[in-house]
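Chains as they are written, first to last, in my numbering: chain A, 3 to 500; chain B, 2 to 472.
Since the hints were made in silico from the structure, they are not lab data.
Just to be clear, a hint being listed does not mean it is correct.
Said to hold, decoys possible - These stretches of chain B come out as covered by chain A in the derived footprint (C-beta under 8 angstroms, 3 or more residues): (1) 381-391; (2) 398-410; (3) 420-433.
Glycine included, every Cβ here is placed at the ideal spot set by N, Cα and C.
What follows is the residue order along each chain.
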Amino acid sequence: MTADLVTVLLQFQPESPELKQRRDYDQAARSFVSQLSNISASHWSKGADTPQDVLAVLNPSVNSIAYAFALRHRITALADKRSIPDTLKPGGATWNKLVLFLETFDPVQMRYAGQEWRKLVDYVEQIARATGSPGLAIAPIRSAMTRLDSTTGTFTSTHLSFVQLCMETRSYAAAEPILDNYIHSLPSKIPAAVREGLEYSVPCADVASSGEYIHQGSGHSDKITLADVQEYYLLGAMAFLGLRQFKKAQQLLEHVLIAPSNNVANGLMLEAYKKWVLTSCLVGANDRTIPRTANAAAVKNVKAASKAYEALAEAYTQLGNLPKLKAQIRAGAEIWAEDGNDGLVSEVLESQMRSYVSRLSRTYSAIPVSNIANILSGSPEEVTQYLDTLIKDGYLNARIEQNDKANTGAVLRFYLDPTNGPLAKSEKQQQQALFEQTLRTNILAEQVKNADYRLTLTKEYMDNLRRQNKKQGAGGDAMDMAWDDGLDAEEDLMTDLH
Amino acid sequence: MASSVEQSPFFQQKRAKGDIVVTDPPKFDLDSYIGNYTAGSTRIDRLHHIGSHSPFLAVDAYRLAISEAKKGKNVGLYTALVEVFSGIAPNDPAALMDTTWAEKKTRDTSHEQDRLEHELKSYKNNLIKESIRMGNEDLGHFYYDTGDYSSAAKAYMKMREHCTSSKHLADMNLRLVYVSITQKSWMGVQTNLAKVEAAQLKGDDKSKLEPIVSSCSGLAQMSLGNFREAAKYFINTSPAYLTTDPSANITWQKDVISPNDIAVYGGLCALASMDRSDLQNKVLGSNEFRNFLELEPHIRRAINLFCNSKYSACLEVLESYRTDYYLDVYLFPVLNTVYSRIRSTSIVQYFIPFSCVTLDEMASKFPVSGFRIEDELEEMINSGTLDARIDLVDRLLISPPTNPHHDVHTDALAMADKYDHTLRLRLARLNMLAAGVEIKQDKGAGEKMSSAMGDGIGASLRGLGSKMGFT
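For reference, chain A alone in the conformation it holds in the complex (with noise of 0.2 angstroms):
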């Protein structure tokens, strides 16, 4: 019965000649998934823990979808007794097996195993919680969803759970990989009538987006809604400002605050306007503008709700007049430790101190340290050690110089020229930042226009399609002109660009 099993599962070799054609494989590969999904759990644990051992025979990155199964039959099996076996301890054979799998499997079987893949990522981060230390998961998970998909762009709830993990673990770094991958797709539901029509649209097919495998019927992803995709965006966001990238945390957070709304706010866009209006400030930024796309009767909510944030952020452009800024924290002080933002608030207050610098380089080219310690009120060693710092960290263009002159002490110099200094950049540095810029946004562009592809296949959409159809005869036409709209307003906001 065991050499039965491993028969039918070495059935499906990817690599075969039969299976060069996409659509067999498509063919082969779905009804090989059926197939298994039929074997009783009894067959799948027999021979365990002997050379006979399925998990033995198998390759894990060549028969993937059978490695798959026979992995979460083999977990379910143990796992089911109350306490968690040593095996599957990390460190344990089965676990190393589970983490070797979730490292080297190959990613277009993965695309027809949805479920099993799934629950194998679930099963590391439930282990991983169960024996107390969920950091041992983080590594495994992220690169079973990079090997999957490489983009990581297609939203899964696994995303959720991986940043969640990142958070509670304060392992932000480690999240950075995937957070850097912007989602371009939801899953979504293509609609049958849709699905008959493409051709060359199988799973295994080299496509451009990971969308187009990972849907609702894929299994890979639980049933998403608005407030997980919000709850990432935001988690994402404290974990840019754990690494200290505030330009990042702030992009985010501008997600949560674009969802769309019938002109009320959540409890997440509220939360995500208070950091944004403090790393508005932290950024630099001038102007604070929500997007535009953001429903406004919302925005209006959210900023009724945190008016205190408000005129935080109205003391933080006041550069003049620093002892504002300080007495507006102090009277907050009980709404920031409330709302968990106090650490954001004391870098707020750091950072003032650090533009009211950086804004001198728009003003003088050269001043005496003790200038600028007057103003600062602290002492010129201080202040110099301050410099320092600023300089090194790359706030400043900017070096610090023993005057030989009587009075003057320390100079702080500025460097006029922008190619001049420690911040400067050479033309071909920009020019490969321009270049790379480019490649993004086609990359962009592309995914946009899947999107907007995607809307066109809404129920709505499609109702509508039928009805015109029904009195039009045959016409395909008004599909057709929806799809060349959504490639025009594309081009008009690239053209630029090119």
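Fit chain B to the given chain A structure using the hints.
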């Protein structure tokens, strides 16, 4: 005499309030200056302004103003003038209130008002448009003379529906302009001027009104602080203004602003808002404005000096006339702004050819009183008027090197980044829309639950926030 006026309670109060009191004797002669203006209201207004700001001329000015006021019907103005004057020179015969005159005049005016209103009523009963228009006009004139300007404006407004020709309409609007100028409500002046321009006049009528409209527009813009616009209007005022006939029974060059005023206002506004080449081409080179400039040679000299880069000499000339301009009723509120603008433009223009100037050199070229040159420069740099950096160590003003290549690249990168981000936001929103998710209003029973959930979110975030522990 002058010293006793200066120590009078009126001026002491003014000083205590921090108002400007011009102590230096002005360059002009009061009689010939005020001779430029014929109509009562502007004469009294100007004399009142001079009297209340210059102790040197106060007595003469108030005497003239009071005798002028006695000729008119404005009792309120008369008593106000006498009251002020008694605070300056209590022993002067003119400072004694002529109560018999005042009472008689009050009686007369109320009679006249009754008569005019009665007449208007009868016109209205007869339904003759022209008569109603004239009745309203008379009433407007009457209110204007008695100093009730808002009623005057109302009466003039009522003329509108009874105007039968575009000429009438234009006259009415000009009257309204006149009232607004007297009230110094400059926004009103602008709207009424726009109406004058909108009235479709043809040929001669139009060319006759043009200089009036442009000079009044200039005045309004200047008083609102838009010096560049004001300069444009003044400079484009045609010299026909010098000789133009009265319109709407107002001799504009004698009743509102004299050609000399146009030269001064226009010149100062141009200096405050234009650079050297513009001044050369548009002001000195303008055939039309030349006629006005000839009336005020020192303004032309100042502009010439500015164009020849002799900024300190130019400022000196202007400084010597500061007293005179303080005593001009329209220039007074904006003069400090105009002068400081001229000063900063001079500094900017002076600095253009240099890459580096010592601060002491700057201070000698642009003498300062009461503050340090570096503070002034710092303010100018911070406000963006001057593109330079200060070196406090070697006491230099440095022009920053420019690197267009680098700037363009940096701008492009920043813009691309912004585009990128906007696109991502749109994408995220598009996806959410496509997924059909939306924040909806909670209904009834759901409310409690969701607020509890909100608390939950808040609490967990709080925990995370405090754990992050910024140091």
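**Request:** Between the stretch 381-391 of chain B and chain A, see if three or more residues pass the 8 angstroms beta-carbon test, and mark the coverage as holds or violated.
**Result:** With 4 residues in contact (Cβ-Cβ under 8 angstroms with chain A), the coverage given for the stretch 381-391 of chain B holds.
**Coverage assertion for the stretch 398-410 of chain B with respect to chain A, Cβ distance below 8 angstroms, three residues required** = With 8 residues close enough to chain A, the hint holds.
**Message:** Taking beta carbons only, do three or more residues of the stretch 420-433 of chain B come closer than 8 angstroms to chain A?
**Reply:** holds (count 14)
Of the numbered hints stated above, none is contradicted by the structure.
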